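Chemist: These protein sequence lines map, in sequence, to chains A, B and C. So that you can map any letter, position 22 of the first sequence is 22 in our numbering, and since no number is skipped, the others follow by simple counting. So that you can map any letter, position 299 of the second sequence is 299 in our numbering, and since no number is skipped, the others follow by simple counting. So that you can map any letter, position 294 of the third sequence is 294 in our numbering, and since no number is skipped, the others follow by simple counting.
To be clear, the hints were calculated from the coordinates, so they are not data collected in a lab. Quick caveat: nothing in here was measured; it's all calculated off a predicted structure. Note that beta-carbon positions come from the ideal geometry of N, C-alpha and C, so glycine has one too. Among the hints, a few may not be true.
Claimed, not checked - Simulated pairs of lysine-lysine, DSS-like, Cα-Cα distance not exceeding 30 Å:
#1 B:LYS352 / B:LYS92
#2 B:LYS352 / C:LYS9
#3 C:LYS135 / A:LYS169
Said to hold, decoys possible - Chain C regions said to be covered by chain B (calculated; three or more residues, Cβ under 8 Å):
#4 179-193
#5 347-361
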Amino acid sequence: MLAFLVSAIRLGMVFLFGSTGEILTEKSGHLNLGTPGIMCVGASCGCFAEYLYLKSVGPYASPVLAILVAVVSAFIGAALMGLLFSFLTVTLRANQNVTGLALTTLGIGISDYMIAKAGTSFGRASKFFSASLPFADDLGWFGELFLSHGVMIYLAIAVAIVCSFVLSKTRVGLNLRSVGENPATADAAGINVSRYRYVATCVGAGISGLGGLTFIMDYLNGNWEYCIDAFGWLSIALVIFTVWKPNLAIFGSIVFGALYIASSYIVGVSFAGKELFKLLPYVVTIIVLIFTSMRSRKKNQPPESLGLSYFREER
Amino acid sequence: MDNKKTKKALSFHIVKREQTAWYIGLAIRAAAVLLALVFSGIVITLLTDKNPLAVYKSMFDGAFGMDIRVWSLFQDVAILLCISLAVTPAFKMKFWNIGAEGQVLIGGLATVSVMMFLGGKIPLPLLIIVMIAASVVAGIIWAVIPAIFKAYWNTNETLFTLMMNYVAIQLVAWFLKVFVKTGSGVLFPMPEYGFPVIFGQPYLLNIIIVAVLTIVVYIYLKYTKQGYEISVVGESQNTANYIGINVKKVVIRTLIVSGALCGIAGLLLVGGTNHTINTETAGGRGFTAIMVSWLAKFNPIFMVVTSFIIVFLQKGAQQVSTDFRLPQAISDIVTGIILFFIIGCEFFLNYKIVVSKNGKEND
Amino acid sequence: MANAAIELKNITKTFGSVVANRDVSFTVNRGEILSILGENGSGKTTLMNMISGIYFPDSGQIFIDGKEVVIRSPKDAFDHKIGMIHQHFKLVDVFSATENIILGLKGKDKFNIKESAKKVSEISHKYGFDIDPNKMIHEMSVSEKQTVEIIKVLYRGADILILDEPTAVLTPQETQKLFAILRRMRDDGKSIIIITHKLHEVLSLSDRVSVLRKGEYVGTVNTAETNEGELTEMMVGKKISLNIHRSEPKGCEDRLLIENINCVSREGTKLLNSVSFTAKSGEILGIAGIAGSGQRELLEAIAGLQHIDSGKIIYNDPKTGEEENLRDKTPLQIRELGVRLSFVPEDRLGMGLVGNMGITDNMMLRSYRKGKTVFLERKGPHDLAEKIISELEVVTPGTETPVRRLSGGNVQKVLVGREIAAAPTVLMAAYPVRGLDINSSYTIYNLLNEQKERGVAVIFVGEDLDVLLELCDRILVIGSGCVTGLVDARTTTKEEIGLLMTKGKGEEA
């Protein structure tokens, strides 16, 4: 049971990064369906940079630097994808859904290409990421559940809390929410709608990208798997599940993580039956979607102009 | 006008085009495709240090180099076009069905099940009829469930259809685990139960079927009452209500059409091409098809062109990756690049940039 | 002029081939209220949008306190202490009043909602507003929302306030209150520009009036030295008496009987409250009321688009003499009953027509079901389109040009033309001349009169009382979803209707 929870938390943080980034993006009015591709690019950029770094320093790698190199590269790589999305949808006024899907195609391509160059095994690098607090083992179940994790787990929660705070308690957050709710109003209030959308989308994409890196380096202990895009789609679904609140996403993501791995931990399920159990997160998402749509309330709705582009002089 | 000190030498502003003449539209699109070709050529050259001309030659080789390649090119165009046709009615209605991937896969799964369990037990013509029926019904079920929820509770169809993709993928994975006796998870092809080969060309039948479907969908959208209702609902639900169109009924009916066509695409992939199935059978075409349809402005005839361009580039890029020992992923990258160029060029179709100097008019 | 707060010189703005403003120049002084007067579509709002940074002029100069300025964005406008209160409120529904007010402000101080709320209350007290700073916008009435908009610009320290048709959505009492506040601000030294097309407001409120006509500047006069006649002449170019032809109703019989219909919104407020009336064939029944008093719901209920909670809608078939209850019937069912009900809705491009389709395809909206095959029949609609284009003088490049590219008047001709082509027995029109130039308006009046003479029961929802008085036979007045009066248009006065319009608020359940 304990192992199950620990595992659920580790996987959950992949979703948490993904959906925190997407929430930030959606709050600005952008529905970015490119998140799966962005998470792939985040993962591959992080891994590729790590591979170059470890190759260059030989056996004497600094743990802090090793982590920093991967995290920063993942963030930048993913943010550049966000920049591409913003350029097309804000500056060139393209349809957001279509641009997002194209971005996913491109992102998967880029990441597969990079991994083909860097190899699929990052076991050594992963060690840096999974290093936990030295005294965690001495604290029994408490230590294992809360303190045994690698750095990315804590970073994910910190990022979600910071985003939640920024969105609800600061001037920037207020402005950003107004851009997603009613861009014409924000514009009339002197807020630079395009800039907010660009920045929110790029930062959001960067955060999502860290999710991909977490999946490879932490959850899979450095063994590349070509299925990150599935986590991207689930992260987008999680945004609805958590009604656009990053602090709720912390718990929502752990629930998703638990659902995703449930099949491996339930005893007495056949080899084939496990494949059916893997349906769980998708089916649960569908059920949640249906329930939220059936009882629609003003409070828990998506940003009003989500998915709509804004052009000032349109008439 | 008085000559003030120059504030800004040049200022750009964007003006909406009143109406774009067809030749300007064509020229802009052609330029976008050309630029995309040049750009992907540059990218590949940078990655390989090879002569760009050699890269282009290899691309053409990949698409047209041999008879078999040409056939395979047209086969892939046909499948992509079929899925694009399938998503079009829904998109025209502004129903964001991104579940074509799953609808195709489930259609394929239905086909492969029929081949596996009834193959050899009933005569081939009857078997094929059952295959068609099964795939169509499976595709419809997968599309109509989100449609019903959309119609009655306005459930977000984008995410619903998306999740249905993964349900379909997992069902295929489960099917392969349970029914492949060897336990390898790889189902051995069963060409003996597939479509008949006509004129000695295995893909010709698929291509003919899709060509017919293209014309049928074109007529359906443009010349029938149902097609007209789809357009009205897509443009404005208020107007649809106002003239007494039952929007719920149209949404569900349209997704039945969409799902059925996706089911047929699955049938063509399994019964007419691979004669087996795996979780990658749809291979992302469900998503590419959305862009094909959108870029063609939902016109089935234009879709022939857009799907051809995309498949041609994919095939070419695959050849490049073999010739120059690059990872296969290069083909996805090239697809992404061309999509972005075409998406970006839409802007220049709808707007023009006016440059004015020193605040004076320069219309 | 020494105390000119803002001065415009030769401002020109075009949208595509449409000229919205041509060579407009005028001045606003400190401590004065200036009215910008003009018909619908004369370019008033576009002009003000250029001062407030929403649009950028194609050419011309703007001076503030004698210095030339460039206003590229609303932010620039704020920096020059210009604040605009838009006709369509620019508020975020899910935010509170305070959150909306401080939106977009660059704060040197710490971000603190409570402090800001206190400051909002201070401003309210100073000018006499009445507002709860923590109330959410979606829970507010129209007049409260407007108050939030005004406080928003005052909070930013605006010295020049622009109000775009602020009274369109207010009751006379609310209007008086607003005017009192505006006068107080003027005495406080602020410059106020108010856009309107209501002459009596211009005369009662402003110090000077500038008039625009078809995008061009006509002139400025002192309010004290002018009168309605002169202003009207400046506004429309020639003296007009609103002479709408009105024939005596003939052969009237009850066509549509509305009995006690009630309608409650999803939020639980009463949209229609025991509404009863009769529409007769061969007459025009006007419906007057402040915008949003239930006019839309009433017409949509009759058309089968709005669910009603109780009451009857009885249609009296002129051929068979039979009575049909239309309640809870869909528009399609109503048509299948043989009821020839035509409806020109308020939202022309969003409901009555499809903006992206050509005229032929829009004609088909009503008739596409004809014929037994699954295929569309295009010939009939195409002929009808051509007929409407020639008979109603619709200006369009062709039958296939998307109707959203046409001007407002031409769009309305297409819509009314189609609705009349169905040979209706009941014709409902909601604000059919809103946004139309005078010539197109008269075309519409004539069409409605023609229908009346053919024995159609015409229901006309209007906002201009002068038009209602001259066009209609009887006028039904509604206020807050209740019928507050039914008057004979030939004998009543504007004052009487005005009084009836404001009744019904809080009276009887």
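Chemist: May I ask which of the numbered hints given earlier this structure violates, with the numbers listed in increasing order?
Modeler: Violated: hint 4 alone.
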